[in-house]
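Chains as they are written, first to last, in UniProt numbering: chain A, 1 to 352; chain B, 1 to 625.
None of these hints come from the bench; they were simulated from the model. A quick note: this is a predicted structure, and the numbers were derived from the prediction, not measured. Errors might be hidden in some of the hints.
[As the list claims (entries may be wrong)] In silico DSBU-like cross-links for lysine-lysine, where the CA-CA straight-line distance does not exceed 30 Å:
#1 B:K192 with B:K281
#2 A:K230 with A:K27
#3 A:K346 with B:K229
#4 A:K346 with B:K192
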Amino acid sequence: MTSIDLPFPALALVPKTDEKQSAKDFKSDQEVRWCPGCGDYSILSTVQGFMPELGLKKENIVFISGIGCSSRFPYYMNTYGLHSIHGRAPAIATGLAVTRPDLSVWVVTGDGDALSIGGNHLIHALRRNVNLKILLFNNRIYGLTKGQYSPTSETGKITKSTPQGSVDYSFNPVSLALGAEATFVARSVDSDRKHLSEVLRRAAAHEGTALVEILQNCNIFNDGAWEALKDNETGPQNVIRLEDGQPIRFGANGEKVVIRSKNGHIEVADAAAVSESDVIVYDSRTEDPGLAFAISRLSDSHSLTDTAIGVFRDVQRPSYDRLVREQMAEAAAGGPGDLQSLINGKDNWQIG
Amino acid sequence: MTDQVAEKQVIPVDHVIIRFAGDSGDGMQLTGDRFTSETAGLGNDLSTLPDFPAEIRAPAGTLPGVSAFQLQFADHDIMTPGDRPDVLVAMNPAALKSNIGLLKPGGDLIVNTDEFTKRSLEKVGYSGNPLEDDSLSAYNVHPVGLTSMTVEALKEFPLSKKDAERAKNMFALGMLCWLYSRPTDGTRVFLKSKFGKNPDILGANIAALEAGWSFGETTEAFSVRYEVKPAPMKAGTYRNIHGNLALAYGLVAASDRSGLPIFLGTYPITPASDILHELSKLKKFGITTFQAEDEIAGVGAAIGASYGGSLGITTTSGPGVALKSEAIGLAVTLEIPLLIIDVQRGGPSTGLPTKTEQSDLLQAMFGRNGEAPVPIVAPQSPSDCFDAAIEAARIAVQYRTPVFLLSDGYLANGSEPWSIPDVDSLPTFEANFATELNHTNEDGTQEFWPYLRDAETLARPWAIPGTPGLEHRIGGIEKADGRGNISYDPDNHDKMVRLRQAKVDGIAASIAPLAVEDPDGDARVLIIGWGSTYGPIGAACRVARKNGVKVAQAHLRHLNPFPTNTAEVLRSYDRVIVPEMNLGQLALLLRGKFLVDAIGYNQVRGLPFTSDELVGVITNVASSL
């Protein structure tokens with residue numbers, strides 16, 4: 001699969017390669033230094049395995065990160081890479097994406113990097129819809145600083161900096177992104193290579209900012225944070241897999257459904273107790289983000305029951321960088337600027 | 001009209017300093033700008049100083065709401081907007097109260113008597129009417145009913161009284177144009193372009209302008225009018241230009257001369273925002289402007305653009321620099337071009353947003369974690385902002401480094417005639433992007449090493465994404481010398497810190513030596529400054545020399561690194577005076593680097609030095625020898 005057939009071809013301006021690529025081509029010569037067992041390994045492997053699908057010239061791909069464990073990611077990709085400063089990767093990537101439409105720009109960040117110190121840059125990148133793919137590794141903890149609570153840690157969490165339990169209320173990254181009117185919002189899981197690859201595929205095709213929250217396990221400081229979703233027994237009970245055109249049905253035997261309740265809200269119901277026509281059929285391309293938001297709110301931040309994964313929203317809005325380029329082209333339509341005439345101005349006079 | 005003009009005596013004068021002062025809503029800046037344009041067109045040398053509050057419209061008639069504009073124009077080369085005005089136009093009691101102390105004894109005071117009501121006087125703490133007692137007897141007072149005459153002149157226009165009153169600044173302008181024999185043609189053209197869509201407002205403003213002119217001719221309030229002949233200037237095409245505009249044009253020129261597209265990532269802040277406004281209009285020059293969500297995102301985006309092969313620029317003032325510091329440190333270690341333009345204002349914190357100061361020198365020099373040297377360039381006059389911007393860009397590109405350009409509020413908003421350069425005469429410099437592998441291993445295989453340096457400049461290769469074969473990863477963590485991979489090796493870090501410093505120090509080889517102006521050649525006192533103090537220091541030196549005091553003047557364009565002959569220059573004099581609009585930041589650097597006993601003269605009043613006070617300083621120091 002080397003071409004993406006969508007009305008807004010996000011990668012249309014990025015040069016394609018004639019060479020056959022494999023995951024190996026995207027592995028850098030750097031020794032990977034994450035802790036053994038870290039969820040980042042499987043994400044790295046999935047991304048490296050997915051990249052050849054894009055069929056892009058390797059030199060036209062850039063990974064930009066902030067600070068944190070996840071932000072070491074660019075060092076391990078054999079593309080151009082920039083490991084920047086804490087929280088600022090979306091801002092730096094914005095400058096690059098706006099000026100270089102021939103690049104495929106990816107941001108790798110974590111829950112602390114993106115939602116705490118860099119929260120401002122994240123929401124503004126999302127509202128602007130800059131052509132960036134943001135991979136947010138969410139492990140609900142600060143790993144690199146050795147175990148303080150993060151903005152996605154559940155209230156009451158006991159960590160090094162919250163010996164009596166955190167009194168902070170947590171962010172839900174998907175809800176936040178939808179609130180910022182992001183045009184593409186998805187969630188996947190580090191260990192689910194197939195699902196993550198599919199989400200990456202749709203993110204890459206999307207013109208504008210794509211936010212992909214990846215539930216990632218930190219086996220040192222917050223081991224098992226997502227276990228309720230990954231465990232073979234509890235997982236199917238808790239995970240709602242969103243699929244376009246499909247009724248929202250989950251549970252080990254599809255016994256649970258999501259329906260619209262009488263008060264206009266949505267709720268999880270027993271499939272046997274409702275008629276099939278009451279079950280919501282999901283469509284991520286719905287312009288109104290209301291349903292996506294409501295589904296993101298079903299999840300309980302402690303028990304993780306009713307947590308949806310998949311593409312929540314995938315709508316079209318011209319990207320910021322495209323609009324900027326259009327204005328520049330419009331300004332230059334009458335020919336390029338003439339510096340001498342600019343500095344001469346209109347009010348000048350001659351001497352001698 | 002001309003018949004009547006001939007009735008009044010025309011007195012030639014060599015220079016005049018006028019100060020317009022009124023309420024923020026009175027249009028004093030516009031009046032000053034227009035008077036300046038007409039004056040520039042006549043070929044006078046001139047220099048301007050807008051002096052306005054940070055509040056957009058403080059309550060009418062109050063002292064905090066007073067906005068002033070001062071200009072000096074002359075038939076000879078001048079260097080400052082002048083110390084004390086010869087003429088003060090005071091539009092209300094607040095303007096009178098806050099500016100009368102500046103007016104020269106015997107100076108002309110033109111007052112809008114209509115605003116001197118009991119209530120307005122009380123509002124600013126006048127117990128009686130100063131126009132009716134003898135408190136203004138030191139001045140030549142011209143009482144003029146500016147508001148009422150404007151309203152009377154506009155009675156045929158279908159305007160409310162309030163709208164008619166708003167044209168009183170044009171009445172004042174017309175009157176001053178008459179008094180100083182300035183044309184009004186340029187202002188008519190300006191008004192047409194500004195109000196062309198509203199014929200009543202346009203007509204009213206022109207009528208007010210004409211009424212003001214006619215009033216000057218006919219009133220007995222003015223018995224004479226003045227004339228200032230053009231100043232001799234070298235041949236060329238001239239225009240009047242403000243510092244911020246010259247700076248913006250300098251950036252466009254840097255783009256033109258380097259072939260690099262400009263990306264401005266910035267956040268609005270006084271007094272730097274005009275550079276953003278200007279560049280945002282110039283997209284046809286391939287300039288991208290990005291108004292970011294905050295100061296950090298502004299510089300971050302500029303770094304991202306530079307990484308991609310643009311000339312990344314961020315514009316700000318002191319508080320913004322503080323926010324950008326970490327990102328500037330990133331650019332230091334990434335070793336990529338970046339321009340940080342700091343239009344300094346009074347600090348600390350929010351400080352005095354619309355007033356000038358030079359107090360960010362040490363912030364630019366040292367305001368980052370770690371050893372993070374950044375070159376610093378400073379313009380010395382409004383038009384010099386053009387050349388300084390090109391020079392800062394040259395250093396950034398040739399040495400792959402962030403560069404500070406330290407302008408200030410006085411330069412940004414001040415204006416002067418500018419001899420417009422021929423674009424072809426401007427310096428060129430090239431990006432020289434890396435395209436080839438640059439390192440051969442022992443086994444003969446080749447690699448790209450992003451931190452292999454140019455032997456002469458110590459600059460590293462600028463390999464931009466999209467270049468095949470040069471894919472590499474860099475970041476804020478210390479990098480191994482040459483290869484550029486992450487390195488925590490102690491000796492490597494020590495080496496890299498020293499290499500980055502040596503690279504910045506080495507820029508001195510590419511800059512002009514420090515020039516000294518000493519007409520007699522035997523002065524024992526040196527006065528040395530940087531940035532916008534050039535005008536007042538230069539003007540003071542001229543006066544001091546006229547008084548028989550020998551003084552040498554030097555002015556630093558480069559503050560990091562200093563020119564190679566700086567130590568030699570400083571040590572050639574028995575006394576070194578360093579006037580600064582801060583508490584001695586350059587003096588600290590000169591003392592620290594050159595062990596010279598620099599004598600500071602420091603002031604942080606939000607205003608430029610007067611040349612008068614500097615003459616005093618020079619004279620005192622010289623007489624102590």
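Exercise. Can the restraint linking K346 of chain A and K229 of chain B be considered satisfied, given a maximum Cα separation of 30 Å?
Worked result: It holds: about 23 Å lies between the C-alpha atoms, which stays within 30 Å.
Exercise. Taking 30 Å as the top limit, are the C-alpha atoms of K346 of chain A and K192 of chain B close enough?
Worked result: OK: K346 of chain A and K192 of chain B at ~15 Å, within 30 Å.
Exercise. Would the pair K192 of chain B and K281 of chain B pass a check requiring their Cα atoms to be no farther apart than 30 Å?
Worked result: Roughly 21 Å between the alpha carbons, so the hint for K192 of chain B and K281 of chain B holds.
Problem set entry | Pair hint outcome, K230 of chain A versus K27 of chain A [Cα-Cα no greater than 30 Å] | holds (27 Å)
The structure agrees with every numbered hint stated previously.
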